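Student: For reference, the chains in residue letters:
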Amino acid sequence: MNNTDIKQNELAQVELTETVGNIYANEAKMSIRDANVFYGNKENGGKQAIHNVSLDLAKNQVTALIGPSGCGKSTFLRCLNRMNDTIDICQVTGQFMLDNTDIYAQNLDPVLLRARVGMVFQKPNPFPKSIYDNVAYGARIHGLTNSKTELDEIVETSLQKAGLFNEVKDRLKDPGTGLSGGQQQRLCIARTIAVSPEVILMDEPASALDPIATAIIEELIDELKEKYTIAIVTHSMQQAARVSQHTAYFHMGKLVEMGKTEDIFTCPSHKLTENYITGRFG
Amino acid sequence: MTIQDNTNKPTGFTTKLHLDKHISRRFNEELEQVRTLVINMGMLVEQQVNDGLSAVLNADEKLAAKVIERDQKVNTMELEIDEYCTQILARRQPAASDLRLLVSVIKSITDLERMGDEAVKFGKNAIKLAKGNFAEEEGARPLVELKHLGKHVSDTLRTALTAYAQMDVETALEIIRNDNIVDEEFDNISRLLVTKMMESPREIKNALRVTWCARALERIGDHTTNLCEYIVYLVEGKDVRHATIEQIKATMKN
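Heads up: the protein sequence lines correspond to chains A and B, in order.
Sequential numbering from 0 applies to the first sequence in numbering that gives the first Met the number 0.
Sequential numbering from 0 applies to the second sequence in numbering that gives the first Met the number 0.
Please keep in mind that the hints were generated in silico from the structure rather than gathered at the bench.
Accuracy of the hints is not assured; some may be wrong.
[Stated by the list, open to error] In silico lysine-lysine, BS3-like type, Cα no more than 25 angstroms apart, as pairs:
| no. | chain 1 | residue 1 | chain 2 | residue 2 |
| --- | --- | --- | --- | --- |
| 1 | A | 168 | A | 147 |
| 2 | B | 61 | B | 204 |
| 3 | A | 168 | A | 226 |
| 4 | A | 253 | B | 20 |
| 5 | B | 248 | A | 270 |
| 6 | B | 146 | A | 259 |
| 7 | B | 106 | B | 61 |
| 8 | B | 150 | B | 65 |
| 9 | A | 253 | A | 270 |
| 10 | B | 130 | B | 146 |
| 11 | B | 123 | B | 150 |
| 12 | B | 20 | A | 270 |
| 13 | A | 259 | B | 237 |
| 14 | B | 20 | B | 65 |
| 15 | A | 128 | A | 160 |
| 16 | B | 20 | B | 204 |
| 17 | A | 270 | B | 237 |
| 18 | A | 160 | A | 172 |
[Unchecked claim] Computed Cβ-Cβ distance ranges for the label pairs, DEER-style:
| no. | chain 1 | residue 1 | chain 2 | residue 2 | range |
| --- | --- | --- | --- | --- | --- |
| 19 | A | 211 | B | 173 | 41 to 47 angstroms |
| 20 | B | 72 | A | 261 | 36 to 42 angstroms |
| 21 | B | 90 | A | 46 | 35 to 41 angstroms |
| 22 | A | 197 | B | 109 | 47 to 53 angstroms |
| 23 | B | 251 | A | 218 | 35 to 41 angstroms |
| 24 | B | 22 | A | 206 | 49 to 55 angstroms |
| 25 | A | 23 | B | 90 | 23 to 29 angstroms |
| 26 | A | 67 | B | 65 | 50 to 56 angstroms |
Note that the coordinates shown come from a computational prediction; the quantities given were computed from them, not determined experimentally.
Ideal Cβ positions, reconstructed from N, Cα and C, are used throughout, including at glycine.
One chain only, chain B, in its complex shape:
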């Protein structure tokens, strides 16, 4: 296992679970390292999402190509972190909060990688949309809506990643609670695009592409919610997946 330099920790990096309090200093370093790697991966995915979105909105083929290319890096990071976690599990047999940290990391990076894949979809659609000149004429209105949804999803992702770094359960729960906002906005865009398709059938192809982008945003929103569920599991030891807000509230009280 190689220990990388930990000095460049992302801002707001806290160790609420006392990850630095093990008798084995090496174990402290390994857990810190895992967290740093995940947060770095998170930042890269966030950038991918933002760039992908921006490529769609600005019909920027170059940026789109860059997003597609950079996805390889996201994939590599997933494999690297997975391997790192496997090593720690095998060598340290962690328990309690350490175990929860690793389980949550292994799950989180799957979601992060999927978000990366969604960003690639932006890239691919952006290239096609740019070729179809959609942004300039027919697509203006749906793209404004897409921009709006995109900003919301991207902001939520950033908040979730910060919450992950700070092990902030309150914020995580807030995000889980607000998940339906994305779903509603997605419905709005779909409706708008269906109208567009009926009005001008020759734009169906492009309208569908925008739909797929909106769909990708909606998926990113779902993955962000998953991340937040892992934060709750990590800090509180409570599994809040597949639970309604009321159920979550009830478990948190116990």
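Just chain A, with the same shape it has in the complex:
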């Protein structure tokens, strides 16, 4: 039996009951209560990916979601701007509040929601358009502006906030796909910012980048939190420790522990959290 086998077996034996730590924020931008996600019908052998997860995303702070592969952290993140709507067999239950709005309300347009709750993915995915059009795209379809000057301004400030403007100001007409990986990722962040979101969700935004580009993105996250509420899924524990103020540890679809990042990384309360962040298996 190799180490990985032991890991799976021994971890499975630890019973998960309630989340330990503190899921509440003093000033919550988003509040999620009893979230459950199913893939397929339970009766027909479907799988439950998220079990009764409740947590708050603190306003203007960074919350990191960590946990082993398949623990449900990305699935959970995707619930926050209804990205799971696009998967037919996926059913989401529970209460998801953005300020005082229920984001799963019948009369709420998911497209408008996604303008308020933006998302940045693991792999930079610029549109096959110019740098300018990539950033202007969201503003155009949401009709945020009528004039060219206003649009220019939105593009410039968004690129500036994403820390990319100085690198690309002379080639805004060049294709976005021609940028380096780190620049493409910042372009995607600029595109997200351009529609003035309130929350930014990041799904492993730096895992395809080199350490320098990663450091730039992390620095950017730190600046962005002044204006936006951020939730970030990351496999890098050091990254979670560096950028976040709150950390939530997921394990097998359950929220095991949530707390201040400073506590989670020096003295976690739950054995499973401890095992995960220290690289232990049992």
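Starting from the known structure of chain A, fit chain B onto it as the hints suggest.
Tutor: Leaving out everything else, chain B in the frame of chain A:
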């Protein structure tokens, strides 16, 4: 980083924090190795303290010289363990209990090294006292008291080191609680020696030397208390430095 043989672990060596449960076996070995090194350093320092004390009490110049010479080894061990910890911090970026282990080790070895320095003071004073024939006549009574204090400090140090090896918080707290015993005994000896000095001024020099030895013991007691505080931090993640016993009790309940 060289991994030394771990087979000769000191007795009572436990891994309550599951230091042997990392996915990386190499990391397990490195942490075990750090702990073994610290405990070995602790044992050496304990021997230094005992030998130094014995040199003073028995006016043993030879033993005193040996203690002074052996301090070099204590210093080398401090540097070695420091370097080892730095390497682990740089390469593994440890978190939670692993991080606490390394932080507590880095702090502990400073205290151990200082205890070593105090033992050297015994050595130096022992040589001078032996030359002054203090033990035979005037100094009999203070030396008995010093022996008494020395036994207490040395026993406490041994208990603390065992607690360190076993990550035994209860014992550590007990030692922190009893720290004032050493202070009281130190006051007693000081009083006795002051009387001695007033009675026979020509013995002032030697009486002062004994005072310094008692003072060294008192410092060793303080360093031992520090060690115990690091044990609490390592196991419980609670910083109990500069706290009263009541405050410590309150934090432990949380």
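Student: Hint by hint, note whether the structure agrees.
Tutor: Hint by hint, here is what the structure shows:
1. A:168 with A:147: holds (17 angstroms)
2. B:61 with B:204: Roughly 22 angstroms separates the two Cα atoms, so the pair holds.
3. A:168 with A:226: holds (23 angstroms)
4. A:253 with B:20: Distance ~23 angstroms between residue 253 (chain A) and residue 20 (chain B) Cα, so the pair holds.
5. B:248 with A:270: holds (24 angstroms)
6. B:146 with A:259: Not OK: residue 146 (chain B) and residue 259 (chain A) at ~50 angstroms, beyond 25 angstroms, violated.
7. B:106 with B:61: violated (32 angstroms)
8. B:150 with B:65: OK: residue 150 (chain B) and residue 65 (chain B) at ~20 angstroms, within 25 angstroms.
9. A:253 with A:270: Status holds; Cα separation ~14 angstroms.
10. B:130 with B:146: holds (19 angstroms)
11. B:123 with B:150: holds (20 angstroms)
12. B:20 with A:270: Measuring from Cα to Cα gives roughly 12 angstroms; hence the hint holds.
13. A:259 with B:237: holds (16 angstroms)
14. B:20 with B:65: This hinted pair is violated, its Cα atoms lying about 41 angstroms apart.
15. A:128 with A:160: holds (20 angstroms)
16. B:20 with B:204: Violated - the C-alpha atoms of residue 204 (chain B) and residue 20 (chain B) are around 57 angstroms apart, more than 25 angstroms.
17. A:270 with B:237: Holds, at about 17 angstroms.
18. A:160 with A:172: holds (19 angstroms)
19. A:211 with B:173: 41 to 47 angstroms: Because 52 angstroms falls outside the window, the suggested range is violated.
20. B:72 with A:261: 36 to 42 angstroms: holds (39 angstroms)
21. B:90 with A:46: 35 to 41 angstroms: holds (38 angstroms)
22. A:197 with B:109: 47 to 53 angstroms: holds (49 angstroms)
23. B:251 with A:218: 35 to 41 angstroms: Holds, since residue 251 (chain B) and residue 218 (chain A) (Cβ atoms, about 40 angstroms apart) stay within the stated range.
24. B:22 with A:206: 49 to 55 angstroms: Violated: the Cβ-Cβ distance is about 20 angstroms, outside 49 to 55 angstroms.
25. A:23 with B:90: 23 to 29 angstroms: violated (37 angstroms)
26. A:67 with B:65: 50 to 56 angstroms: holds (55 angstroms)
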